[in-house]
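Start from the sequences and build out the full structure, keeping to the hints where you can.
Chain by chain, the residues run as shown.
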Amino acid sequence: TQLLEQSPQFLSIQEGENLTVYCNSSSVFSSLQWYRQEPGEGPVLLVTVVTGGEVKKLKRLTFQFGDARKDSSLHITAAQPGDTGLYLCADHPNQAGTALIFGKGTTLSVSS
Amino acid sequence: EAQVTQNPRYLITVTGKKLTVTCSQNMNHEYMSWYRQDPGLGLRQIYYSMNVEVTDKGDVPEGYKVSRKEKRNFPLILESPSPNQTSLYFCASSLSIGIADTQYFGPGTRLTVL
Chain R
-19 TQLLEQSPQF LSIQEGENLT VYCNSSSVFS SLQWYRQEPG EGPVLLVTVV TGGEVKKLKR
41 LTFQFGDARK DSSLHITAAQ PGDTGLYLCA DHPNQAGTAL IFGKGTTLSV SS
Chain F
3 EAQVTQNPRY LITVTGKKLT VTCSQNMNHE YMSWYRQDPG LGLRQIYYSM NVEVTDKGDV
63 PEGYKVSRKE KRNFPLILES PSPNQTSLYF CASSLSIGIA DTQYFGPGTR LTVL
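So the sequence lines, in the order shown, correspond to chains R and F. Sequential numbering from -19 applies to the first sequence in our numbering. Sequential numbering from 3 applies to the second sequence in our numbering.
Hints in this document: simulated from the structure, not taken from any laboratory. Predicted model only: the values in this text are computed from it and were never measured. Quick reminder that beta carbons are idealized off the backbone N, C-alpha and C, glycines included. Fair warning: there could be bad hints in the mix.
[As the list claims (entries may be wrong)] Here's a subset of chain F near chain R, in silico, CB distances under 10 Å, partners left out:
#1 41
#2 46
#3 99
Here it is in structure tokens:
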């Protein structure tokens, strides 16, 4: 059974700081997705990465996929209070009959 | 507005009293699924449906039932709820299961079983 480990579990920072959160898998990802979940809401897809070594940018968020496709990082530059939330990584199996597998998430709190 | 809706958003019930959580999407999506989210365990899939009348078990299906009679609706049924089913439940939908297809999640239903 594939296990996704996210670190750190909790992160509390000041507005304007940079941060990186990590997602590591016990086996090779089929494809990796990052979600953000705000309090009282469902997860919202941020990005999907498929190719080892891939880097994607979404405004102040930079997503990196490891060359071996077993790890990923999410870097946020100049964090803002609106970045507060639970960041989840997930393996998307891309085939019928296989569930989306989620990590337990990193809870980020950005204070002004 | 494209969305996934769930009802109720909050529910407190007692052990053994049958309940249904409704899920509806207005995006003509074929794929729908139910997840539960628990502290320390993360999100786990309960059931999924590839299309109308096609449903299958996810990772934690015990104690739950689903049906998919119409494309837009995918209700979650707890025939005899127990306290270990106290959780935050999310319905999700996507056009298909392909990685290019974004999964849209509903706002969640917080269920407490006493």
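Evaluation of the provided hints:
Because the beta carbon of residue 41/F sits about 9 Å from the nearest beta carbon in chain R, less than 10 Å, this interface hint is met. The restraint placing residue 46/F at the interface with chain R holds, with a minimum CB-CB distance near 8 Å, inside the 10 Å limit. Because the beta carbon of residue 99/F sits about 6 Å from the nearest beta carbon in chain R, less than 10 Å, this interface hint is met.
Of the numbered hints stated above, none is contradicted by the structure.
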